[in-house]
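The UniProt record's numbering puts the sequence shown at residues 1 to 120.
The hints are simulated quantities; they were obtained by calculation from the structure and are not laboratory data. There may be inaccurate statements among the hints.
What the hints assert, rightly or not - Cut-off 27 angstroms, straight-line C-alpha distance, at most; resulting in silico cross-link-like pairs (BS3-like, lysine-lysine):
{"id": "1", "residue 1": "K88", "residue 2": "K52"}
{"id": "2", "residue 1": "K41", "residue 2": "K88"}
{"id": "3", "residue 1": "K81", "residue 2": "K52"}
{"id": "4", "residue 1": "K24", "residue 2": "K52"}
{"id": "5", "residue 1": "K41", "residue 2": "K52"}
{"id": "6", "residue 1": "K52", "residue 2": "K26"}
{"id": "7", "residue 1": "K81", "residue 2": "K33"}
{"id": "8", "residue 1": "K41", "residue 2": "K24"}
{"id": "9", "residue 1": "K33", "residue 2": "K88"}
{"id": "10", "residue 1": "K52", "residue 2": "K33"}
{"id": "11", "residue 1": "K41", "residue 2": "K26"}
As the list claims (entries may be wrong) - Computed Cβ-Cβ distance ranges for the label pairs, DEER-style:
{"id": "12", "residue 1": "P91", "residue 2": "M25", "range": "42 to 50 angstroms"}
{"id": "13", "residue 1": "R100", "residue 2": "S16", "range": "20 to 28 angstroms"}
{"id": "14", "residue 1": "K24", "residue 2": "S4", "range": "43 to 51 angstroms"}
The beta carbon of each residue, even a glycine, is placed where N, CA and C say it ideally should be.
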Amino acid sequence: MRESNTEIFTRSNDRSNVHITVRKMKYPMNSFKDLRFLIPKDWDGTTPLPYKFVIFFNSIAESIAAAQYLHGLVPVEVRDKIKWFNSKMSPEFRAEESDRFNAGFNFGLLCTESFGMACL
Numbered sequence: 001m002r003e004s005n006t007e008i009f010t011r012s013n014d015r016s017n018v019h020i021t022v023r024k025m026k027y028p029m030n031s032f033k034d035l036r037f038l039i040p041k042d043w044d045g046t047t048p049l050p051y052k053f054v055i056f057f058n059s060i061a062e063s064i065a066a067a068q069y070l071h072g073l074v075p076v077e078v079r080d081k082i083k084w085f086n087s088k089m090s091p092e093f094r095a096e097e098s099d100r101f102n103a104g105f106n107f108g109l110l111c112t113e114s115f116g117m118a119c120l
């Protein structure tokens with residue numbers, strides 16, 4: 001990386017539509033049950049979720065397992081709106097899914113740090 005060819009962008013995460021949530025875990029980490037709050041119990045999939053979400057994981061396997069857990073909580077017809085997102089996906093897929101998430105077509109992304117890099 002050469003300084004003459006590098007542009008630095010600094011963006012604040014102090015935005016009215018971004019909320020960072022931290023909750024004390026009640027269940028074993030590998031159960032993903034602490035993510036249950038993201039899907040309202042009476043939600044039937046006919047309307048968008050009350051909020052979109054992005055959850056970061058340390059590994060691809062964790063993000064996939066968490067997405068599969070959340071898929072089990074939603075109707076089959078909308079499971080494709082909750083996706084895992086990582087560096088093993090093609091650049092085209094990552095760009096398309098980032099755009100779909102930003103446009104409101106996807107409800108949630110379960111990612112590794114590759115999502116942050118794709119959105120810069």
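Evaluated hints:
A hinted pair counts as satisfied when its Cα atoms are at most 27 angstroms apart, and K88 with K52 qualifies at roughly 23 angstroms. Proximity of K41 to K88 is assessed by CA-CA distance (about 32 angstroms); at most 27 angstroms being required, the pair is judged violated. For a cut-off of 27 angstroms, the pair hint linking K81 to K52 stands: about 10 angstroms separates their Cα positions. Distance check on the hinted pair: K24 and K52 sit about 21 angstroms apart at the alpha-carbon level, within 27 angstroms; holds.
About 16 angstroms separates the Cα atoms of K41 and K52, which keeps this hinted pair within 27 angstroms; it holds. For the suggested pair K52 and K26, the alpha carbons sit about 23 angstroms apart, so the restraint of at most 27 angstroms is met. Using a Cα cut-off of 27 angstroms, the hinted pair K81 and K33 holds, with the two alpha carbons roughly 19 angstroms apart. Between the alpha carbons of K41 and K24 the distance comes to roughly 20 angstroms, so the proposed pair stays at or under 27 angstroms and holds.
At roughly 26 angstroms between alpha-carbon atoms, K33 and K88 fall within 27 angstroms of each other, so this suggested pair holds. Pair hint K52 plus K33 holds up; C-alpha atoms about 18 angstroms apart against a cutoff of 27 angstroms. A distance of roughly 18 angstroms separates the Cα atoms of K41 and K26; the hinted pair therefore holds under the 27 angstroms criterion. P91 and M25 have their C-beta atoms about 34 angstroms apart, which leaves the hinted 42 to 50 angstroms range violated.
Checking the proposed 20 to 28 angstroms range against R100 and S16 shows it holds: the Cβ atoms sit about 22 angstroms from each other. Take K24 and S4: their Cβ atoms lie about 47 angstroms apart, and the range 43 to 51 angstroms holds.
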